[in-house]
Every structure is written in C-alpha cells, then in structure tokens.
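As they're listed, the protein sequences go chains A and B.
Counting from 1, position 201 in the first sequence corresponds to residue 200 in numbering that gives the first Met the number 0; the numbering is continuous, with no gaps.
Counting from 1, position 48 in the second sequence corresponds to residue 47 in numbering that gives the first Met the number 0; the numbering is continuous, with no gaps.
Certain hints may be false.
Which copy is meant is left open, because identical chains are indistinguishable; a pair holds if it fits in one copy or across any two.
[What the hints assert, rightly or not] Pairs of lysine to any residue residues, derived as SDA-like cross-links and limited to a Cα-Cα distance of at most 20 Å, are as follows:
#, residue 1, residue 2
1, Lys198, Lys236
2, Lys212, Tyr108
3, Lys109, Thr181
4, Lys23, Val218
5, Lys242, Pro206
6, Lys109, Ser135
7, Lys212, Met53
8, Lys241, Val167
These aren't lab readings, by the way, just hints derived from the structure by calculation.
2 protein chains.
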Amino acid sequence: MIKNTKVNAAILIIGNEILSGRTKDTNTSTLATWLNSIGVKVEEVRIVPDVEKMIIDTLNVLRKNYDYVFTSGGIGPTHDDITAESVSKTFGLKYEIHKEAFKILEAYYKPGEFNEGRQKMVMMPENAELILNPTSGAPGFSIENVFCLPGVPSILKSMLGGLKNKIVGGEPILSQTISLRTVESEIANSLTKVQDNNKDVEIGSYPFFHAGKLGVSIVLRSENQSKIDECNLQILKFVSEKKIEIVDR
Amino acid sequence: MIKNTKVNAAILIIGNEILSGRTKDTNTSTLATWLNSIGVKVEEVRIVPDVEKMIIDTLNVLRKNYDYVFTSGGIGPTHDDITAESVSKTFGLKYEIHKEAFKILEAYYKPGEFNEGRQKMVMMPENAELILNPTSGAPGFSIENVFCLPGVPSILKSMLGGLKNKIVGGEPILSQTISLRTVESEIANSLTKVQDNNKDVEIGSYPFFHAGKLGVSIVLRSENQSKIDECNLQILKFVSEKKIEIVDR
Chain A
0 MIKNTKVNAA
10 ILIIGNEILS
20 GRTKDTNTST
30 LATWLNSIGV
40 KVEEVRIVPD
50 VEKMIIDTLN
60 VLRKNYDYVF
70 TSGGIGPTHD
80 DITAESVSKT
90 FGLKYEIHKE
100 AFKILEAYYK
110 PGEFNEGRQK
120 MVMMPENAEL
130 ILNPTSGAPG
140 FSIENVFCLP
150 GVPSILKSML
160 GGLKNKIVGG
170 EPILSQTISL
180 RTVESEIANS
190 LTKVQDNNKD
200 VEIGSYPFFH
210 AGKLGVSIVL
220 RSENQSKIDE
230 CNLQILKFVS
240 EKKIEIVDR
Chain B
0 MIKNTKVNAA
10 ILIIGNEILS
20 GRTKDTNTST
30 LATWLNSIGV
40 KVEEVRIVPD
50 VEKMIIDTLN
60 VLRKNYDYVF
70 TSGGIGPTHD
80 DITAESVSKT
90 FGLKYEIHKE
100 AFKILEAYYK
110 PGEFNEGRQK
120 MVMMPENAEL
130 ILNPTSGAPG
140 FSIENVFCLP
150 GVPSILKSML
160 GGLKNKIVGG
170 EPILSQTISL
180 RTVESEIANS
190 LTKVQDNNKD
200 VEIGSYPFFH
210 AGKLGVSIVL
220 RSENQSKIDE
230 CNLQILKFVS
240 EKKIEIVDR
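One chain only, chain A, in its complex shape (with noise of 0.2 Å):
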C-alpha cells in the first residue's frame, strides 16, 4: 500500500547564541517530536545568525523546498530580534503593528507595563495569522507555510497545542527501538540484509554506552506498523541466531 500522504517540514533556527555554542539547540528535537505525532517529517534543519539576508535567504530556500517551515527565535524586544521584519521582507509585505496581537498584549500586562520595547513584539508582517502563547503573552504568526515561534524552549513548547489546528499532517510516523548488547560491527551485515528486504521501514543504528557497557539502539520508523512488525521479526531472528542480548534502554 503505497501512502500518497507524506507531509514534510523545514526547521530555521535563528540566533547567534546556537553558533557561539552557548546554548544547545533543544527546540529541533522538541518540534521534531511533535511533528512526527502529527504525520509531518522534518527533513532538514538550518541555524543562521541574527543577521536579516542569511534569514531571508534561508527562508526562500526552504518555503519553496518543504510543505511547513517553522522558524525559532528572534521574536522578542530587543535589538538582535529581527525575525518577524525579516520574514514581512521575504515575503514583500509590510511591517507593521498587528492589531489583535497589540490588544492581547495591552490586556496582558498592568496599565503602564506595554512599554516601548514590549510593543515590538506585535509588529508583525501584515495580515499575519496569531499563533497564542499561553506562557508569556507575545504571541507567534504564521505567514503562507512559514510558522515562527520563540526560541526559548519552554514557551515554544507551550505554543504546539495551539499550532495543531493549523498543521496537516500525513499518517503519524511510528517508531519502534530494539537495544542490544553489541557493537556495530556485530551486526552491520545482518542489518543491511534487513534494510534491503524492507526499503519502506527507515532502520537507524546508534552505538550508545550506558551504566559502563556498550550497546547498539536499533531503530525503525515507518507509518506502517505492519511493516515495523515484520522488519522487526527479521532483526530478532538474527539476533536470536547470534545469540545477542536484548537490553532495556
């Protein structure tokens, strides 16, 4: 059964802070995760810096490229947050206040507290949809297939219940893992016999050490559980025949 329904997705994120090595990127993994669970694949992942043709470029190449790209980053205050003016520019539309989102911000704080650096965060490009940030305030946006949300990681987090309704996936991606006690080079050749008679089942191998002893995670995604099923039957045969150990990890 050949599924006509592949949904797939681009990752930007933006900031300098990523490059430098400060900070770990943690937000590809969350969304990444998430979008597995709704049938959206995410193929490639780019970090640029705060810089606005690096972000306008990048965007251009992946809009184009992907059915959904979501962007993290550089929606706050301050002067190196330049994301919702980079992405009006990629797609010629003016930046302006976002007058729904100037309300929600003007309710959200204390009279007096929606200062001046506060209200940048509603310029918007124009006619942009609201993505509701139920952590802080600020809300995201959405142009066409561009989705930009915050960089940091529990805001961002809170914000995917409300993207739901805006995303449509294909079938969800399923993934099943086997552990063993073993090293690669043990079963390389088992396993590229099972990769070959299941070209429909992606089978990831990664070496772990964990609690002092080696292991290999064998992973297997596909949107057919059948077709995990039966890929899986074929590594416990080998496995069963080499006498490895299955480990819980």
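Keeping the supplied structure of chain A fixed, place chain B upon it in accordance with the hints.
Showing chain B alone in chain A's frame:
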C-alpha cells in the same frame, strides 16, 4: 583597528536520529565552542538526513561558502553510515581502502576481530588525510577544507586535539556575559543604543528563568577585549541608572 583575519566555518550534522527528534544534537555546541577558542566563527549549521544527494548538495554549497566545513555522523560500520562515500562523490574521488587507516584498525583490534563490518570504516575518499581517534580507533578524515568526524559526542570531543594543527584560525573570539535581574523589554532601548555605538561588538540578549526567577543575560562577543570592555562600561552605566541588579549566572 580592522582585523583581516576572520576565519569562518559551517557545521553539517548528518543523521536521521537528530531530524526525528530522538537525539538532541550536542556536537554543534562542542565544535562551535572549540572553534571559537581557536579563532574560527561558526556561521551556519545544517542538519540533513542519511541521504546521499542531500549530503553532496549541501557539502557543495558549504565548502564553497566557508573556510572550513565540519561534518559529524555517518562514518560508522552500518548501512546508514554513508558520509565517507558521499564525500568521495562530492569531490569526484575514488572511495577506497585507506591503507594507513587499515593498519591502524588492524593493530587496534584483537586478531580476528577486524571483521568485514569494521573494515567498512577504512573506506574513504582517496588520499584523505586521517584525523586520529584516541577513543575507539576508527579515524575521521579530511579532504581539502572538509573535516569528517563521528556522531558519538564523546568520541568527537576526543578527536579535537588532533585537529588543532590542521585548522588555521584568526583571532580567538572573546565573550563576556552580564546577567541582570530584569526583563528584556526594560533594557531593549538602552541596549539598542549601545549596539549602535559599538558596531564591532556582537551584543546578544537572552532571557533566562533560573531558580524560579526571571533574568536576562547580555553576551558581548568580539575579537577585541578593549572593545568588549568599552561596551561593558556603557551597559553598566545604564544598568546602574536603572537600578537593575547584577546577578551571577
């Protein structure tokens, strides 16, 4: 004083496990931190799946746009490790047994243990230069300005020492962090003025939530300590005027 010694780099992370969200990438942070210390600025990161065409196309862009490219992942013994073959194709080089790498692994393993799976790890682009691996034997390699490292974080880390003599950096990129008990919107305008007055210092503003309290870390980055110091003074001036508390972070 204008430095003509800016050296830049891109990082290419290869692996479905990062794109699926299963594994969080930490190699970007490790590599970027180390590269900064030897005067190489990471200007772009891309994460691509274990797909030959994606790897080749991406490498061809990155190796032309940046002084150095570092790849991570895909050089192990299993079917999903396709980096060495993809790099060979990128450069139009034969993919063949690397004699020196063969000798290293033959000596590394006990007699009889250097099996077919492991022998795949000595297949490299012809005339590749080896990057020694003090942790698990199997070397990485470089061709021209492309340096290929493994995906396992502890192994990658252990190989950086051996890379040092092969990378010619510029001035080390210095950084200083000032952490404040405030919110970004309170300091946004003042910070913009400081950035406008100090174009050669990259000023980043990063909200944090630590031990139940909000704060903002301001990060100053430049090759020039005196420019950082000057910028720092200007920030401390408005911080004092606004009676904002400086905190440890």
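So, going through the hints one by one against the coordinates:
1. Lys198 x Lys236: For Lys198 and Lys236, only the intra-copy Cα distance (18 Å) is at most 20 Å; the inter-copy one is 63 Å.
2. Lys212 x Tyr108: Close across copies (18 Å), not inside one copy (53 Å); limit 20 Å.
3. Lys109 x Thr181: between (60 Å within a copy, 16 Å between copies)
4. Lys23 x Val218: This pair counts as between: shortest inter-copy Cα distance 15 Å, intra-copy 24 Å.
5. Lys242 x Pro206: within (18 Å within a copy, 52 Å between copies)
6. Lys109 x Ser135: within (13 Å within a copy, 59 Å between copies)
7. Lys212 x Met53: neither (43 Å within a copy, 34 Å between copies)
8. Lys241 x Val167: This pair counts as neither: shortest intra-copy Cα distance 44 Å, inter-copy 48 Å.
The structure fails to meet hints 7, 8 from the earlier list, while all remaining hints are met.
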